[in-house]
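Quick note, the sequences are listed as chains P, D and G, same order. Yeah, the first sequence ends on 229 if you go by the numbering used here, and it's all consecutive. Yeah, the second sequence ends on 64 if you go by the numbering used here, and it's all consecutive. Yeah, the third sequence ends on 435 if you go by the numbering used here, and it's all consecutive.
Below, computed lysine to any residue pairings styled on SDA-like, alpha-carbon distance capped at 25 Å:
{"id": "1", "chain 1": "D", "residue 1": "K43", "chain 2": "G", "residue 2": "I430"}
{"id": "2", "chain 1": "G", "residue 1": "K342", "chain 2": "G", "residue 2": "M259"}
{"id": "3", "chain 1": "D", "residue 1": "K43", "chain 2": "G", "residue 2": "V208"}
{"id": "4", "chain 1": "G", "residue 1": "K431", "chain 2": "D", "residue 2": "R36"}
{"id": "5", "chain 1": "G", "residue 1": "K274", "chain 2": "G", "residue 2": "H200"}
Simulated coverage check for chain G against chain P, where a stretch passes if three residues somewhere in it have a Cβ under 8 Å from a Cβ of chain P:
{"id": "6", "region": "329–339"}
{"id": "7", "region": "348–358"}
Quick caveat, the hints were computed from the structure, so don't treat them as lab data. We put the beta carbon where it would ideally sit given N, CA and C, even for glycine.
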Amino acid sequence: MDIFILILLRDLRLSFRRWNELAMPLLFFIIIASLFPLASSPEISQLRDYGGAVIWISALLSSLLALDGLFRVDAEDGSMEQLILSPTPLGVIVLAKIIAHWIVSGVPLVIASPLLALSFYLPLEALPVFILAIALATPILSVLAAIGAALTVSLRGGGALIGLLMLPMMVPVLIFGTWATDAAVQGENPIGALLLLASLAILSISLGPLAAAGAVKVAME
Amino acid sequence: MMEFMLMGGYAGYVWSAYGITMLVLVANVWMAYRFHAKWLKRAQEEGMTKVSTRQPRVRRIS
Amino acid sequence: MAFIRHNLVRIVNTISVLNTNFWRWFHQLASPPHVFALAGRVCPWFAGLAIIFLVAGTYGGLVLAPADYLQGDGFRIIYVHVPSAYLGMLAYMVMASSAAIGFIWRMKMAHGLAVSAAPLGAWFTVLALVTGGIWGKPMWGTYWQWADARLMSELMLLFLFLGYMVLRASFDDRDKADRISAILAVVGVINIPIIHYSVEWWSTLHQGPTIAKLDEPSITMDMLIPLLIMIIGFTAFFGWLLCKRLQGEILKRERQTRWVDGLIKGRTA
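With the sequences and hints as input, model every part of the structure.
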């Protein structure tokens with residue numbers, strides 16, 4: 009438990025030192041979402057139609073951004089090997105890193121999402137469900153991004169490959185998330201989609217760190 | 003016979019679907035056999051060049 | 167009392183003999199020459215089965231099966247679409263489970279099986295998507311529907327196969343490539359139940375499940391039988407090419423060893 013808190017605080021401290029890395033996923037999120045009305049039409053009715061989808065896709069893409077430093081920096085300076093050798097299971101350490109990553113990249117997204125939703129003229133009544141869905145989805149995205157980073161940590165040009173590998177895995181999150189958003193906008197009951205998102209969240213948080221830890225161990229051999 | 007060919011008006015769809023399927027299946031057979039033949043040939047060419055990396059069992063005479 | 171004890175002992179002995187034999191069989195599967203020979207023996211049987219059942223199924227589907235009440239002759243595409251989709255998922259399960267076995271027991275042959283299954287699974291999934299689109303155009307008016315959950319999950323399956331192959335290719339060290347892509351394959355398994363249940367969870371474009379419903383299937387027997395025959399045919403076809411590719415993969419990995427040398431000399435002698 010000590011090492012868990014230690015790693016969590018350490019990663020957070022490192023991220024906050026490089027504040028530009030903090031801001032990047034959030035800015036990316038906002039910029040991508042803003043490009044859609046520019047590219048298509050700023051009509052209110054149309055914005056409302058695709059607004060939910062646009063925000064979700066932007067969330068998916070920006071979750072892939074901040075993860076390069078997740079394992080690669082530690083792997084390169086040798087601290088990853090020390091972490092592997094420590095008595096604490098690597099899965100626990102990886103979970104700490106994932107939580108730090110989520111705090112840095114996921115939580116700003118959750119905070120910014122209602123503002124973006126309003127800018128796309130999503131109805132006010134849909135907002136609580138929407139925020140909840142994004143709050144459930146961002147941990148899943150962080151876990152999946154971490155798995156992708158772990159799989160490619162020993163490769164040089166890993167960035168685009170992570171996207172190719174993990175975006176298919178993120179598709180259920182997209183499907184359930186937009187389903188919940190649409191249900192809320194239409195006034196229907198979103199509980200089915202929310203429960204599915206929650207179960208994906210529990211599944212990914214419990215098993216994902218194990219997969220990532222296994223991949224890191226193999227890559228560091 | 004004509005009726006069979008026409009497939010009740012869906013001829014284009016049914017025959018293209020079956021045609022593509024047969025094409026893909028045959029192509030896969032060809033690719034699998036080609037893969038097999040390629041590595042068989044390579045094995046024949048390279049011969050037994052791999053030196054065994056097994057460490058000899060060291061017996062200590064004490 | 168002695169009767170019970172005597173038979174109990176016999177049962178326990180039988181179980182332990184079966185257990186030993188199972189593990190002996192399992193560990194033999196780690197031996198390349200053994201697997202190579204096994205694949206060679208089994209391959210022609212798969213091939214024969216595949217050809218017979220594919221021909222019979224095609225004839226049954228195109229000629230013998232009656233036209234559908236609603237869809238007319240267009241529904242015959244089901245006889246190539248459903249087996250392709252099913253084999254795509256089967257291939258993924260083969261790939262993921264053999265990759266997992268290879269990872270846990272460190273069996274190169276299991277990884278070889280996973281590598282062999284990947285391209286086959288990708289092709290089956292492409293076939294399922296293409297035939298599905300062709301079927302969809304006259305029936306639902308569109309080749310493609312981005313919102314359909316099953317279509318999306320099939321596309322996702324294709325990317326999982328491609329991702330496995332691309333990830334493998336990125337590593338120079340074959341052992342590392344095997345094991346890292348094994349992790350990817352196992353993580354992707356969650357996609358299979360999502361595809362399977364997506365048809366029930368969403369009623370967008372795809373029709374409801376046809377065979378797997380536990381009460382009466384909503385398809386008549388004379389339409390169902392060619393479908394089952396085609397599924398068997400496709401499965402045998404998969405097994406056939408799996409054996410062929412596995413043999414090639416073994417030759418690729420082991421080509422500089424003594425036993426392969428003996429095999430070649432034995433062949434050409």
